[in-house]
Amino acid sequence: MTDTIAFSQEVSNLLHAAEGEPTRACIQCGTCSGTCPVAGYMDHTPRQIIAMINAGYKDQVLESNTFWYCASCYHCTVRCPQDINITELMYALKRYSIWKGKHKEGLVGPTFSEAFVKMIVRGGRSFEPILAPSYIFSFNLREMLQEVTNATELLLKGRLPVIPARIKRLASFKRMIGRIIPMGGLE
Amino acid sequence: MKEFAYFPGCSLEKMAESYHLSALETTKKLNIKLQELDDWNCCGATTYFYIDELLAYTLCARNLAIAEKTGLDIVAPCSACYKNMYFTAAHLAKDADLAEHVNFALEEDDLQYNGQVNIKHLIEVFAQDVTAEEIKSKVTRPLEGIRVAPYYGCQIVRPQKEKEDVEQPQFFEGILSAIGATPVNYPLKMRCCGGSLIISSRTAALSMVRNLLQCAVDSQATVIATACPMCQVNLECYQQQVNQEFGANFSFPVLYFTQLIGLAFGISHKKLGIGKEFISFAPSLLQAGQRKD
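Residue numbers (numbering that gives the first Met the number 0), protein chains in the order written: chain A, 0 to 186; chain B, 0 to 292.
No wet-lab data here; the hints were simulated from the structure.
Since the structure is predicted, the reported quantities are computational estimates derived from the model, not experimental observations.
Be aware that a few hints might be false.
Pair ranges (Cβ atoms, derived) [as the list claims (entries may be wrong)]:
| no. | chain 1 | residue 1 | chain 2 | residue 2 | range |
| --- | --- | --- | --- | --- | --- |
| 1 | A | Gly100 | B | His268 | 26 to 32 angstroms |
| 2 | B | Glu143 | A | Phe136 | 48 to 54 angstroms |
| 3 | A | Ala164 | B | Lys68 | 18 to 24 angstroms |
| 4 | A | Gly100 | B | Glu133 | 37 to 43 angstroms |
| 5 | B | Glu133 | A | Arg174 | 42 to 48 angstroms |
| 6 | B | Phe103 | A | Asn12 | 30 to 36 angstroms |
| 7 | A | Asn139 | B | Thr69 | 31 to 37 angstroms |
| 8 | B | Gly70 | A | Asn139 | 29 to 35 angstroms |
| 9 | A | Thr151 | B | Glu133 | 27 to 33 angstroms |
| 10 | A | Gly100 | B | Glu132 | 54 to 60 angstroms |
| 11 | B | Gln243 | A | Gly33 | 28 to 34 angstroms |
| 12 | B | Glu143 | A | Gly100 | 56 to 62 angstroms |
| 13 | A | Asn12 | B | Ser267 | 33 to 39 angstroms |
| 14 | B | Gly114 | A | Asn12 | 40 to 46 angstroms |
We put the beta carbon where it would ideally sit given N, CA and C, even for glycine.
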């Protein structure tokens with residue numbers, strides 16, 4: 000029973016500015032799962048994940064693909080009758096599963112988001128082509144070909160950047176980030 | 000003349016350059032000046048929040064701090080940039096400890112944020128800062144006979160900010176009516192395009208795109224209007240993949256709402272970035288023109 004309480008508290012602690020334990024307010028109505036456009040692809044629906052958090056199923060929650068399939072559309076969040084910010088909960092689980100190194104094998108999300116953040120830390124702006132290696136190798140042959148076809152067409156239409164954009168005050172920008180996170184891990 | 004600090008966001012530099020061009024052209028006609036924010040950085044899309052929350056707030060706060068120095072409110076044309084900046088400002092306003100920590104980091108870049116900036120989405124400027132009559136007064140070529148699916152997507156309206164309608168808003172329809180187009184009843188107008196799942200969970204995202212396209216076909220629209228570069232790319236550029244995956248046959252134009260406004264204002268296609276899309280809207284325009292005659 001103590002473990003049960005511990006995991007929902009752990010999750011609450013990951014939520015910025017959350018008061019109390021938001022998942023404890025869940026009445027298991029399933030509005031989130033009924034609203035979610037991706038629920039059909041998830042190992043566990045959002046309603047199930049919340050029930051599992053409250054029941055202390057820590058490993059099963061962290062290894063689930065559920066939060067990595069969340070598209071951040073906030074549709075569940077605006078409809079939750081208990082005002083649980085479910086999307087922020089999904090963000091928190093993403094961070095926690097990366098930090099714990101617990102996430103499910105074969106997911107693109109964790110490597111893609113790390114590559115994205117590293118890119119911004121280096122240059123301050125997004126440059127799409129640099130991200131491709133973080134996901135393209137997880138694609139099957141057909142998806143790879145699709146991606147190449149799309150990139151070619153974007154390039155022909157003048158919609159793909161060829162020179163990485165950078166901000167001007169990059170040195171002080173990096174020092175600013177250094178006050179938040181140790182740069183060693185991201186350089 | 001109204002003036003805003005304009006935060007284009009990374010997508011508008013190239014991938015969605017037509018949104019950038021048409022935003023500048025149409026606002027200029029309405030006597031609104033978009034002054035690009037000096038040395039802005041990426042808003043972080045959703046991915047900063049997957050890695051480190053404090054970093055995510057700090058990177059957004061840097062842009063807010065730069066805007067604060069100009070004394071102008073921020074306008075963002077991208078829904079993800081808008082949402083990130085809006086809620087960063089909201090969190091910083093509520094949480095003094097968070098604001099202190101973020102400002103400690105901003106010091107390194109000689110910046111400070113004091114919570115004095117309002118953040119708007121570009122479409123809100125068209126819906127709130129000008130009246131429908133003002134828009135109508137600039138229309139020289141009304142889009143009569145063109146049936147448009149107003150695609151709100153997610154982060155313009157969600158999460159909820161105050162008491163605004165998050166289920167059935169109508170402001171997009173209002174703008175389309177003002178330029179003479181016919182906004183169709185588009186039941187999936189509030190559903191998600193898949194966002195970055197197009198990279199990380201391809202099949203799921205393609206099925207979401209398929210549903211949105213099918214719904215637009217069923218609504219007898221001739222074009223989908225979007226207000227977000229991510230939505231535009233997912234809905235337009237991945238139609239071939241949707242067709243392969245689901246044995247469908249979509250070839251449905253998807254334009255930025257500012258491009259449609261620009262057409263109605265009589266601005267040239269080139270100035271609106273029309274011609275950069277995968278699926279041309281020109282046949283529908285011609286058809287509508289013919290019907291009109």
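Status of each hint after checking the structure:
| no. | hint | result |
| --- | --- | --- |
| 1 | A:Gly100 with B:His268: 26 to 32 angstroms | violated (51 angstroms) |
| 2 | B:Glu143 with A:Phe136: 48 to 54 angstroms | holds (50 angstroms) |
| 3 | A:Ala164 with B:Lys68: 18 to 24 angstroms | holds (22 angstroms) |
| 4 | A:Gly100 with B:Glu133: 37 to 43 angstroms | violated (56 angstroms) |
| 5 | B:Glu133 with A:Arg174: 42 to 48 angstroms | holds (45 angstroms) |
| 6 | B:Phe103 with A:Asn12: 30 to 36 angstroms | violated (22 angstroms) |
| 7 | A:Asn139 with B:Thr69: 31 to 37 angstroms | violated (48 angstroms) |
| 8 | B:Gly70 with A:Asn139: 29 to 35 angstroms | violated (52 angstroms) |
| 9 | A:Thr151 with B:Glu133: 27 to 33 angstroms | violated (42 angstroms) |
| 10 | A:Gly100 with B:Glu132: 54 to 60 angstroms | holds (59 angstroms) |
| 11 | B:Gln243 with A:Gly33: 28 to 34 angstroms | holds (30 angstroms) |
| 12 | B:Glu143 with A:Gly100: 56 to 62 angstroms | holds (59 angstroms) |
| 13 | A:Asn12 with B:Ser267: 33 to 39 angstroms | violated (56 angstroms) |
| 14 | B:Gly114 with A:Asn12: 40 to 46 angstroms | violated (26 angstroms) |
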